[in-house]
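Construct all of the structure, not just a fragment, from the sequences and the given hints.
Numbering (this note's numbering), first residue to last: 5 to 319.
Worth flagging that the hints you see were computed from the coordinates, not collected in a lab.
If you're wondering where the values come from, they're calculated on a predicted model, not measured in any experiment.
One thing to keep in mind: the hints can contain errors.
As a list, the in silico DSS-like pairs of lysine-lysine whose alpha-carbon atoms are at most 30 Å apart [what the hints assert, rightly or not]: (1) 184 with 202; (2) 192 with 119; (3) 119 with 95; (4) 218 with 192; (5) 218 with 251.
Label-pair ranges, simulated between beta-carbon atoms [as the list claims (entries may be wrong)]: (6) 250 with 128: 15 to 23 Å; (7) 283 with 303: 30 to 38 Å; (8) 223 with 178: 25 to 33 Å; (9) 227 with 287: 19 to 27 Å; (10) 165 with 292: 49 to 57 Å; (11) 251 with 305: 31 to 39 Å; (12) 231 with 278: 14 to 22 Å; (13) 45 with 305: 53 to 61 Å.
Backbone N, C-alpha and C define an ideal beta-carbon position, used for all residues, glycine too.
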Amino acid sequence: MSGIANTIARSGGAPSERPSKTSAPALGALQGSLASIREIDPNMIDDWGPVDRLEEFTAVNVEDDDESLEGLKNSIREGGQQVPILVRRSKAAEGRFEAIYGRRRLKACRELGIKVRANVQDIDDATALLAKGLENAARRNLSFYEKARFAVAIQTAGHDAATVRQVLNLSASGHSHLTKVTQNVPIKIGDLIGAAPKSGRPKWTELAELFLSKKLTERAALDILARISASSGSDDRLEFLIREATKRGAKTSSGVREMTPLEGVTIRAGRGALSLSVKKSGTNAEFATWLESNLAEIIKKSYAEFTDVNSVDDN
Numbered sequence: 005m006s007g008i009a010n011t012i013a014r015s016g017g018a019p020s021e022r023p024s025k026t027s028a029p030a031l032g033a034l035q036g037s038l039a040s041i042r043e044i045d046p047n048m049i050d051d052w053g054p055v056d057r058l059e060e061f062t063a064v065n066v067e068d069d070d071e072s073l074e075g076l077k078n079s080i081r082e083g084g085q086q087v088p089i090l091v092r093r094s095k096a097a098e099g100r101f102e103a104i105y106g107r108r109r110l111k112a113c114r115e116l117g118i119k120v121r122a123n124v125q126d127i128d129d130a131t132a133l134l135a136k137g138l139e140n141a142a143r144r145n146l147s148f149y150e151k152a153r154f155a156v157a158i159q160t161a162g163h164d165a166a167t168v169r170q171v172l173n174l175s176a177s178g179h180s181h182l183t184k185v186t187q188n189v190p191i192k193i194g195d196l197i198g199a200a201p202k203s204g205r206p207k208w209t210e211l212a213e214l215f216l217s218k219k220l221t222e223r224a225a226l227d228i229l230a231r232i233s234a235s236s237g238s239d240d241r242l243e244f245l246i247r248e249a250t251k252r253g254a255k256t257s258s259g260v261r262e263m264t265p266l267e268g269v270t271i272r273a274g275r276g277a278l279s280l281s282v283k284k285s286g287t288n289a290e291f292a293t294w295l296e297s298n299l300a301e302i303i304k305k306s307y308a309e310f311t312d313v314n315s316v317d318d319n
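Structure, rendered in C-alpha cells:
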C-alpha cells in the first residue's frame, strides 16, 4: 500500500520499475499509469463517492492557513498545481468526469478560472475508495473524527466493514473506536464542532461517553456550543463542550435550559419558571441599565401582542 501512496504523493513521476505489491490488483495498474495527466475544464468534473473531510473547503482552525482554500489558491496561482487530482469518466453523462480525490484542488482551480491537472482512470468503485484512502495517507491524514464520519459514509454507500478497514488502514478495534463515536455523538453536534484535527480518540471518546451515559443531550450540547465564539477553532469547540458538560454534570433532564443570546445576557427556562439575568458590568453594562428602566414596559407590550394574537373569538 505504501508504494502506491508514495507514487500518488510524487504526483505523476515516471513509474517505478518494480511497482510495490498491493492487495488490490487494479491499484497496481493505476500506479503504473500516473504519468498520463490531462488538463480538464473543472466545470466538466462532478463529485463522486463519500465525502472524506469535514468543512473541506475552509480552514478548520484559524491557524491552519496553509490548509485553507485561499492558501491553496495562492499556492496554485504562484507555483501551479503540483499534484494532479484523480478522476474517472462519468457513467451518467457523456464527456463528463467524476472526481475520486482532490476536491479542494478542483475547487481552487475552478475559482481561479484555470484548467485542473487530472489523472483520468477507468476504475471501479472499490478501487476508487482505496485510492481515496491512500491519497489521504500520502498527503494530510484525516483527523480522528473525519475518519469516523468517512467510515460511516463508506458503509452507507453499500460497502462492508472489511472495506472500511482496508481503505482507512484500521484494525478491528480501531474501527470499533470510530463506531462508538459516530453511534453516540449526534451528527448535528459533530458538524458544529468540526474536524478537530488536533484532537484524537481520547477526547472524542470522552464526548461519546457523555452522550452514552445520558449526562449530555443534543439539546444541551447545542446550547453550550451556542455560547462559544463562531471564530473559535474546532479543537477549541470540542474542548469547550466537554469542559462545560462535565462541569454541569450535565444532563438537562432537570428541565433547565440555558441560552446566551448576547454576551452577559442569560435566559434560563425551567419546568416552573423563565428567568432573565443581565450583567451590569462588561461590554453590555449600558444595555443592562437601559433594560432595567424599560423592561416592565417591554413585557407589557409583549404581553399585549401575545393576547391579541392568541385571543379567542367568541363568535
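Structure-based check of all given hints:
Annotation: proposed proximity of residue 184 to residue 202 holds, straight-line Cα distance about 19 Å (limit 30 Å). For a cut-off of 30 Å, the pair hint linking residue 192 to residue 119 is broken: about 35 Å separates their Cα positions. Distance check on the hinted pair: residue 119 and residue 95 sit about 22 Å apart at the alpha-carbon level, within 30 Å; holds. Simply put, residue 218 and residue 192 have alpha-carbon atoms about 17 Å apart, close enough for the 30 Å limit, and the pair holds.
Taking the CA atoms of residue 218 and residue 251, the gap is near 14 Å; set against the 30 Å cutoff, the hint holds. The hint said 15 to 23 Å for the Cβ distance between residue 250 and residue 128, and at roughly 47 Å that hint is violated. A hinted range of 30 to 38 Å is violated for the C-beta pair residue 283 and residue 303, which are about 20 Å apart. About 31 Å separates the C-beta atoms of residue 223 and residue 178, a value consistent with the hinted range of 25 to 33 Å.
The beta-carbon spacing between residue 227 and residue 287, approximately 21 Å, falls within the hinted interval of 19 to 27 Å. A beta carbon spacing of about 56 Å between residue 165 and residue 292 agrees with the range 49 to 57 Å that was offered as a hint. The hinted range of 31 to 39 Å is satisfied by residue 251 and residue 305, whose Cβ atoms lie roughly 37 Å apart. Distance hint check: the CB atoms of residue 231 and residue 278 are about 18 Å apart, consistent with the given range 14 to 22 Å.
A hinted range of 53 to 61 Å holds for the C-beta pair residue 45 and residue 305, which are about 59 Å apart.
Figure legend: structure checked against the earlier numbered hints; hints not met, in rising order: 2, 6, 7.
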